[in-house]
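Asks: Chain residues, written in single-letter form:
Protein chains: 2
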Amino acid sequence: MSLLSSPPLVEAAASTAYDPIRLKVPMSLWDLPTPALTIDLEAMESNLLKMKTFYQGKKAKLRPHTKTHKCPIIAKRQIEDGAVGVCAAKVSEAEVMVEAGIGNVLITSPVVTKEKMERVVALAKKSPGVAIVVDQEKNVRDYDDAARAAGVKLPVLIDLNVGTDRTGIAIGKPALDLAEVIRKSSSLTFGGLQAYAGHLMHLRGFEYRKQASEATMGRAVEFKHALEKAGFEVPVLTGGGTGTYNIDCDIDGITDVQVGSYLFMDVNYRNVGGKDGPLYEDFRPSLLVLTTAISQPAKGRITVDAGVKAFATDQEPPDPLSLPGVSYRFAGDEHGILEFRDPRGPAEVKLGDKVLMIASHCDPTVNLYDQYYPFRNERVEEIWPIAGRGKSQ
Amino acid sequence: MSLLSSPPLVEAAASTAYDPIRLKVPMSLWDLPTPALTIDLEAMESNLLKMKTFYQGKKAKLRPHTKTHKCPIIAKRQIEDGAVGVCAAKVSEAEVMVEAGIGNVLITSPVVTKEKMERVVALAKKSPGVAIVVDQEKNVRDYDDAARAAGVKLPVLIDLNVGTDRTGIAIGKPALDLAEVIRKSSSLTFGGLQAYAGHLMHLRGFEYRKQASEATMGRAVEFKHALEKAGFEVPVLTGGGTGTYNIDCDIDGITDVQVGSYLFMDVNYRNVGGKDGPLYEDFRPSLLVLTTAISQPAKGRITVDAGVKAFATDQEPPDPLSLPGVSYRFAGDEHGILEFRDPRGPAEVKLGDKVLMIASHCDPTVNLYDQYYPFRNERVEEIWPIAGRGKSQ
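Residue numbers (the numbering used here), protein chains in the order written: chain A, -17 to 375; chain B, -17 to 375.
Same shape as in the complex, but just chain A (with noise of 0.2 Å):
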């Protein structure tokens, strides 16, 4: 049985499924069911107090994306840690949140069928920090009928387009009319902005990426102040990530950065470049998937129990942690094949061995686990449900 269907392992039952679990002895990370999703948590919470020391004095806050984490325990911990609130990328997500006691939720997608607008709306009756994006006027008007039947003040931001040609509406005129649309809407509120240019985060060479968000940031700010002339109160203009939360922090009129990865990393954000060097160094991983090297039917390379089910396959490749010379790839659903590039390097994975991985690209590897097995000094004192695992809706 897995451990969380096993109760003699477990002290007590949660209070809630978000809470965490308490282990009745703790265990070795060595000894977790492989494939098994667990944190670093010293290098988690140094990558925590790391973000929130950067933005104390800042003007602009910290609003951080649970889609990465889909976790309401870590969710708390970043609003301890001075969030003005948080992302969530989807209404079944800011349900979990929601429901977990989390105030402030933005959901940063565009919500358009009735049911899911109606879901949105009993949820701000429920907690009235939840806020939504739009980027149509038909839109606008459906949420306008659906909050005032339900008898609430909807606040609602207008998603602009900064390039990612993904969702969003034309910064000028018709993102101008569509705030004019919801001033004149009976239950919504005007919000503010959301101006997300999620095709920076990976740009590579922090200069680059720093000229890139300044100028597109730049344009989401100026449009700001168009509508601050226009007569609009623009209470937030959120935006931003991990890639640019050294840049957009110090953009005047930013109010908020959407950051996520910064928690765990991952061996695609390590590429990207940072201030002080070729790599983005900035942030530890943290998000570490234990395997077993269960076959090894050719010299130089051995199998791990771990394939495409256990790790995200849409970037890079995840990473042996501490094995120089040694690198995986992908072996079908089930299993992945360490490689050993230097037969005279010094790593050697044996039959039985477990190996630690750095997640491959982090958020949809979350999405593959039910549960963090958290770990310091190589001990599990807990397990972390992740209660918005497969939360897409």
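There may be inaccurate statements among the hints.
Since the list can't tell identical chains apart, any single copy or any two copies may satisfy a pair.
In silico SDA-like pairs for lysine to any residue, Cα to Cα no more than 20 Å straight-line [said to hold, decoys possible]:
hint	residue 1	residue 2
1	257	146
2	166	253
3	332	119
4	41	143
5	120	143
6	281	143
7	336	74
Note that these hints are calculated values from the structure, not bench results. On a predicted model such as this, the values are computed, not experimentally measured, just so you know.
Using the hints, position chain B against chain A.
Replies: What follows is chain B alone, placed relative to chain A:
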């Protein structure tokens, strides 16, 4: 709230976590909260029937792989259709099937840690049809110890490396010696051979695939005869899959075929070529993801609410169903973009429209969802829990 957590929609709690959940009022397919994983029941049932009919009168039987669907409801149908048992990729997946009452579960991947071997032995105690594969001597001895301690006789198959170089022992003396170790053990029984040629399943062109499979599986059959000459009874030689279901069944000596994807098909399998033409159309795509068009920031394309967290990304992208001239590309974790290749074409998708997509690689796509919404005539009457979702341990 999600459908599963909305009691009013559900007629009665399912008797177990594995049974269908009946909706109080049937829903239209088009009203499901998106992204939703749906099954076109007519197509899936046609696939089941075609495979069942094809195998009637064949010497080889079917041993479907549950790693594809992870759903005991479907496994039961496959058993009713005459399968000799099912496969599970991992111990936790096998636990789900056994708990749900499925007999004869073969775990197709080696398991080497003490904790997992103990779980396997406990499972075999519950369900005597549980069998495992091994590819190393130490593993055989460890299993023997675990089985003896638990007082069970555990059937053990030898996993042959027939070219995947992923798991399995070399054919010939190494495998023969391993069979001797099993024979001499006190608590294991020699269950036969597994020869899974995963690397052949997607070879393009039926004739090419046929020659490759006949050569590869022929070596396994030869080895089976060698074992028999050495005095072993070899009750099972299992292998093959959807790509070779109509090849391996006619190779004398193969006892059963591990088909999986035939149930659902996917974009990748279509392109490998069938017996009757360049497209592999023996089975119909039945695994469809319902999405919603939520934003249109640029002409000639539209954004849907399903991205990397809604579709497997390891092989070809999903394909819009019945929308010629429209293609899908990933646009991050939460979104995809439909591109209209031919603006003069008949296909048009408008904001708010629901779009059905043929799933990308079926197994890891299923692994992203908690439930199927099976439909017939665009009506959904039940929800099927994907009880094995995330069970990669």
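Asks: All hints are to be evaluated individually against the structure, with a verdict given for each.
Replies: Comparing the hints with the structure gives:
Within a single copy, residue 257 and residue 146 get their C-alpha atoms no closer than 24 Å, and across copies no closer than 44 Å, so neither meets the 20 Å cut-off. Proximity of residue 166 to residue 253 under the C-alpha cut-off of 20 Å is found in neither arrangement, the shortest distances being 47 Å within a copy and 53 Å between copies. In this homomeric assembly, residue 332 and residue 119 come within 20 Å of each other (Cα to Cα) only across copies, at 14 Å, whereas the closest approach inside a single copy is 61 Å. Taking the closest pair of Cα atoms, residue 41 and residue 143 never come within 20 Å of each other, the shortest separation being 24 Å inside a single copy and 61 Å across copies.
Taking the shortest Cα distances, residue 120 and residue 143 sit within 20 Å of each other inside one copy (17 Å), while across copies they are farther apart (59 Å). For the homomeric pair residue 281 and residue 143, the shortest alpha-carbon distance between copies (13 Å) is at most 20 Å, but the shortest distance inside one copy (52 Å) is not. Taking the shortest alpha-carbon separations for residue 336 and residue 74, only the inter-copy value of 18 Å comes in at or below 20 Å, while the best intra-copy value is 35 Å.
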